[in-house]
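The primary structure of each chain is shown beneath.
There are 2 protein chains.
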Amino acid sequence: MAYQHILIAIDFSEQSKQVCEKAKQMAADNQASLSICHIIEDFPITDFAYEPMLNFDLDLRQSLLESGEKQLEKIAESVSIPKERQYLELGVPDNDIVRIADEQKVDLIIIGSHGRRGIKLLLGSTANAVLHHAHCDVLAVRLKGD
Amino acid sequence: MAYQHILIAIDFSEQSKQVCEKAKQMAADNQASLSICHIIEDFPITDFAYEPMLNFDLDLRQSLLESGEKQLEKIAESVSIPKERQYLELGVPDNDIVRIADEQKVDLIIIGSHGRRGIKLLLGSTANAVLHHAHCDVLAVRLKGD
Numbered sequence: 001m002a003y004q005h006i007l008i009a010i011d012f013s014e015q016s017k018q019v020c021e022k023a024k025q026m027a028a029d030n031q032a033s034l035s036i037c038h039i040i041e042d043f044p045i046t047d048f049a050y051e052p053m054l055n056f057d058l059d060l061r062q063s064l065l066e067s068g069e070k071q072l073e074k075i076a077e078s079v080s081i082p083k084e085r086q087y088l089e090l091g092v093p094d095n096d097i098v099r100i101a102d103e104q105k106v107d108l109i110i111i112g113s114h115g116r117r118g119i120k121l122l123l124g125s126t127a128n129a130v131l132h133h134a135h136c137d138v139l140a141v142r143l144k145g146d
Numbered sequence: 001m002a003y004q005h006i007l008i009a010i011d012f013s014e015q016s017k018q019v020c021e022k023a024k025q026m027a028a029d030n031q032a033s034l035s036i037c038h039i040i041e042d043f044p045i046t047d048f049a050y051e052p053m054l055n056f057d058l059d060l061r062q063s064l065l066e067s068g069e070k071q072l073e074k075i076a077e078s079v080s081i082p083k084e085r086q087y088l089e090l091g092v093p094d095n096d097i098v099r100i101a102d103e104q105k106v107d108l109i110i111i112g113s114h115g116r117r118g119i120k121l122l123l124g125s126t127a128n129a130v131l132h133h134a135h136c137d138v139l140a141v142r143l144k145g146d
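Each protein sequence line maps, in turn, to chains A and B. Each step along the first sequence adds one to the number in UniProt numbering, with nothing skipped, and position 123 is 123. Each step along the second sequence adds one to the number in UniProt numbering, with nothing skipped, and position 139 is 139.
The hints are simulated quantities; they were obtained by calculation from the structure and are not laboratory data. Treat the hints loosely; a few may be bogus.
A pair holds if it fits inside one copy or across any two, identical chains being indistinguishable in the list.
Dumping the calculated BS3-like pairs for lysine-lysine here, alpha-carbon to alpha-carbon at most 27 Å [to be verified]: (1) Lys144 with Lys105; (2) Lys105 with Lys22; (3) Lys144 with Lys22.
With the hints as extra help, turn the sequences into a complete structure.
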């Protein structure tokens, strides 16, 4: 019945710490392993002039990955998650979070759920999309101070 | 950090037991109180002939509530939730689950998340809607055997 492998999905917002704290406690309660992931939303760089922009593209992606890796490492250290269980990717957040959870045989995904106001209320959140597609349990932590 | 009051939201599907088992364990881990709710989806009874249909309407609602109460009581007993923490209502499931959670100062809602196939994949689930609107954490338990 207890969870064995918990995946934290964070977006680097200020409230990521709340998600990590909750995950740490859940992992302790369940004696579960913890992994952590961050997906950098990939975006096509429009080439208005139909010119190859590959260099710029690759450079940008590379620097996004490098800066993301540093941030993820810092947060992961605060909850004692070793390098080999830190996942950083460029992609589509909900799809890739669910895929990593499947690949790593995760049985609980913990993700922050942001407050929705105004126009955002009409849009789904990443937490909603993850819940929709996940093959395991999902704990959405309601973030304070949104 | 620990949860103090957990609300189980069930739909009387065969898998409700899975949600209750998970909630029982979470309550034990957190030394939290447990409440349980079931919302019977209310529906307007169309009066094709513009005749008053109040009697039929009230009778039907009454019998839905009575049969729901018995089912809820049985499930609640299996996880030792006393009568005063069993909530049965006619209404709109996601809205009313969130409202009960607010009123009862719940800090975690536990709800089953059904598999989505075919056309259902396009529709949101109650779990999704609850997550979207809840003011507290939501644990969606991925139901097996859908």
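Violated hints - listed by number, lowest first: none
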